[in-house]
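S.K.: Protein chains in written order, with full-length UniProt numbering: chain A, 1 to 344; chain B, 1 to 644.
Hints listed in this document are in silico derivations from the structure and should not be mistaken for laboratory results.
Take these hints with a grain of salt, some might be off.
[As the list claims (entries may be wrong)] Estimated spans, in silico, between C-beta atoms of each pair:
(1) B:ASP480 - A:LYS146: 41 to 49 Å
(2) A:GLY232 - B:PRO434: 48 to 56 Å
(3) B:ASP588 - A:GLU312: 42 to 50 Å
(4) A:ALA308 - B:ALA439: 28 to 36 Å
(5) A:PRO151 - B:GLY374: 26 to 34 Å
[Claimed, not checked] DSBU-like, lysine-lysine: derived pairs with alpha carbons at most 35 Å apart:
(6) B:LYS200 - A:LYS320
(7) A:LYS188 - B:LYS462
(8) A:LYS188 - B:LYS441
(9) A:LYS12 - B:LYS441
(10) B:LYS196 - A:LYS330
(11) A:LYS33 - B:LYS451
(12) B:LYS432 - A:LYS315
(13) B:LYS200 - A:LYS315
(14) A:LYS12 - B:LYS462
(15) A:LYS33 - B:LYS441
(16) A:LYS320 - B:LYS432
Idealized CB from N, CA, C, for every residue including glycine.
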Amino acid sequence: MNDMTPVQTTLKDWETDQEVRWCPGCGDYAILKAVQRTLPQIGADPANTVFISGIGCSSRFPYYMESYGFHTIHGRAPAVATGVKLANPDLDIWLVTGDGDGLSIGGNHLMHVLRRNVNMQIMLFNNEIYGLTKGQYSPTSREGTKSPSTPLGSYDHPARPAAFALGSGARFVARGFDVSKKLPEVLKAAHAHQGAAFIEIFQNCIVYNKDVFDDFAAPKGAEAQQLWLEHGEPMLFAGGTRGITLDRDRLRLEVVDVVDGDWEAAGVIVHDAANRSIAHMLVEMPFGPFPMALGVLYDDPRPTFETAVVEERAKASEGKEPDLARLLGKGQTWTVSGTAQDPA
Amino acid sequence: MASQAAVKPHEADSPDAVVVRFAGDSGDGMQLTGGQFTLSTALAGNDLATFPDFPAEIRAPQGTLFGVSAFQINFGSRQINTAGDAPDVLVAMNPAALKVNLAALKPGGLIIADTGEFTKRNLDKAKYEANPLEDGSLAKYDLLAFDISALTIEAVKPFGLGNKDALRCKNMWTLGLALWMFDRPREPLHDWLRQKFRSKPDIANANIAALDAGHAYGETAELSGPLKQVHVDPVPSEPGLYRTITGAEAVSLGLVAGAQLAELPMFFGGYPITPASAILHHLARLKEFGVTTFQAEDEIAAICAAIGASYAGSLGVTSSSGPGIALKGEAMGLAIMTELPLVIVNSQRGGPSTGLPTKTEQSDLYQAVYGRNGDAPMPVIAARSPGDAFDCAIEACRIAVEYMTPVMLLTDGYIANAAEPWKVPDPARYAKFPVSFLAEKNAGDDLLPYKRDEKGARPWIKPGTPGLMHRIGGIEKAVDTGHIDYSPENHQTMTDARRDKVLGVAVPDQDVCLGNESGRLAVVGWGSTFGPIHQAVGRARRKGQDVSHIHVRHIWPLPGNLGDLLRGFDKVLVPEMNTGQFKTVLRDQFLVDAEPLTKTSGQPFQIAELEEAIGKYFDGIPGNEGGDVEPNDQQLPNPVGVEK
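Generate the whole structure from the sequences, applying the supplied hints.
M.R.: Dropping the structure here:
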């Protein structure tokens, strides 16, 4: 499903008449533009596209997309989206959630939509803070985050969205960040994947958690800390001067210097997006000693939930007439005629 | 000790009603025995009502008091509305079953006990100091005690079963005896056993042998003991095709029928919970009717997926019991705000919290009518009996799609599990209510997703429809456009519109189901108290008491004439299995002095306790015993389901 006839649209066609109400300078604006840029490129049909969100800054997203949209309740968007997809598998669904919505109150639903592999694109805007409720720390906030609810600094360990997704059984895991020019490519890859496609998008909350991703996502000067993964290509970064290798004895990734572009000599590994073991290592790769792994970390489709549901329903209905009168009269019945009673 | 007819109080070979309770360990197969006895009773043409009462534990420790499982059936040659008060016959498969159930037995009633299980160990577990079968403590009852265990083992010997497997046939032995007692044919049971164990012919034959042995034992025992064969005449009933049905089955079938009448596919989101799971199980087997069932990760996901399916153009349905309904509360608000159709079935059980998972109660009425944040009006319907649940489910579907609103259907643990004979309705006799989705813009060049029709309902717009893209959500919607709007006047208008839409739901006028339209006392019930109230009011009227029975299906909005109807009575008594919730609603809505009669023991009302409560209103009233009120029993409705 989702192999609909491409429809010609422009970025403008995807804009609504609603005033966008994010804070000036919010990373959400950039993501909105990236999505509006991507949809014409993939030939998406506005009438067949549904944006479904939970609650939070990110979840205002559907109001700004000229498509069908459902702004649901906190954390529950994956469940609503599952119902939409099962009722009409032909709809193209984009889920919009955040680190609080998707990993705190809605963590359970996010896990299950990934595990079931319901075909949709799941964009988790990770700004490591609760923005809409004015700046409390979130499940992805780093240890020591000072916020109104943690004035002395937080002490719980942050959740890692991509690792959570992979651990939940996701068959597509990708990363991007708000102002990245490569974000549309990541979104396109997610859309091309048949099944639940999880995209963690680092997003700058300029009011409550300003510039926390600057080390790898600053508009200028941070490129050296970005490892853009491409299937079949060596894992190189910093302009090809450094790369990722696998320490085969200790089963862990390592950063190596690449001299004169000879990555093979340096032992840099080639990205295989279908390799789940490598994917586990990539999502666990700590930023700092390592660059930030971006792009498609993992992509290995398997049959989707809604396909199985539709097929099972068809199979179970085979050769059966939906005859209600017969259904009502099923089981052990008897007929009353006058005074005599006969088992039917 | 009486030595003649064991079955009292009718004291005749052909009583008009008999109550039998099968009680044993939760592993003894008492529910199965009761269920099969119910079928044979229905086949014999008796009217009946049943009450399965089982522990929350799947296999509670053997022989313990809390592990006792019981199944009560009331059947007769007249109309039966309740599972009966006190049993005439108690089958006790072990000491614990006797201890737990003895208090309910009628004085002079018959106890059938399996001496093989009255061992020192089992007596200790049931906290008996002496064997009650031997110490004379059962003198006021008829007692038939013999070693059913040994007789069963003997009967199934030819089939080479191990001791444990052999003893598992005990329930069939007991059932055979019961079939003999009430003069029932064994053949349907033979067929059923052959079918059930078709891949294990030895087990089938062993069970059949046990059944036959129990039957044969009855014939022999009649010669010398208190056991006597009883024949209950068939009840005269309307000609037609009948079956037995439980409330859970009736709800499932009603939902399927409702979706068909609306010409919609149905999406059912559920999460396992007692006693609501049975609906999920039934619907999961009805895929050819366009039913999609989805076992969600939790109650919230179950309702949210149903809302998503409704949004996409299916009839979304979810079902649960009290604690699960509480979890769904916020999502119900979303369905109210987005004005999407949804049916929520609540099989109520004892609460609060986990409460009494397998026991019945009606204590979620406030939750149904009021239990959401904000002003969140929602229609609420309550089924009165298993068969009635079919019609109520259809009604819930109709209101949901015609008014674009979630609707709650209340049943309870009693209705969900209890069985009654049901005259199979002809689906063609139900009026269709086909849904039409919006296909083009509804205001010239504009789309107004919240433009209301004469019923106050907004259009249903399926995603995928070209040109009708729009956004909905839980934030307050602007009039007509559905855009986000926080303005004071808009919220006032929309709150009023949601309220008026629900209050405007067309509800039939309330009728009086037994008695006169005005008078001294109205007994007002709702839900599963129908049976006992109806019987009690009937008996009171036969005594000459001027009392009427009013049974309310539409809990919200209430029938328009109900206030005036209630004001026509001097007194209004509201029996319910909670602390007086419907009473409060009636007082609030109509300023009538409704008086509560409450019960929260996890057990249904008994006819006698209602009769006594009614009687108090007639103490010292001239003519109380005089019969100057017409019994008016012609008004007794057909108990096997009301056809439109």
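S.K.: Run every hint past the structure and note whether it holds.
M.R.: These are the hints, each one checked on the structure:
At about 46 Å, the beta-carbon gap between B:ASP480 and A:LYS146 stays in the expected band of 41 to 49 Å. A C-beta distance of roughly 54 Å is found between A:GLY232 and B:PRO434, which places it inside the suggested range of 48 to 56 Å. The hinted range of 42 to 50 Å is satisfied by B:ASP588 and A:GLU312, whose Cβ atoms lie roughly 48 Å apart. Restraint check, A:ALA308 to B:ALA439: a C-beta distance of roughly 31 Å satisfies the suggested window 28 to 36 Å.
Between A:PRO151 and B:GLY374 the beta carbon distance is about 32 Å. The supplied range of 26 to 34 Å therefore holds. Among the hinted pairs, B:LYS200 with A:LYS320 is consistent with the structure: their alpha-carbon atoms are about 28 Å apart, no more than 35 Å. At roughly 26 Å between alpha-carbon atoms, A:LYS188 and B:LYS462 fall within 35 Å of each other, so this suggested pair holds. Distance check on the hinted pair: A:LYS188 and B:LYS441 sit about 32 Å apart at the alpha-carbon level, within 35 Å; holds.
For a cut-off of 35 Å, the pair hint linking A:LYS12 to B:LYS441 stands: about 21 Å separates their Cα positions. For the proposed pair B:LYS196 and A:LYS330, the alpha carbon gap of about 16 Å is at most 35 Å, so the pair holds. At roughly 31 Å between alpha-carbon atoms, A:LYS33 and B:LYS451 fall within 35 Å of each other, so this suggested pair holds. For the suggested pair B:LYS432 and A:LYS315, the alpha carbons sit about 28 Å apart, so the restraint of at most 35 Å is met.
A hinted pair counts as satisfied when its Cα atoms are at most 35 Å apart, and B:LYS200 with A:LYS315 qualifies at roughly 28 Å. A hinted pair counts as satisfied when its Cα atoms are at most 35 Å apart, and A:LYS12 with B:LYS462 qualifies at roughly 24 Å. The straight-line distance between the Cα atoms of A:LYS33 and B:LYS441 is roughly 28 Å, inside the 35 Å bound, and the hint therefore holds. With a CA separation close to 23 Å, the supplied pair A:LYS320 and B:LYS432 stays within the 35 Å bound.
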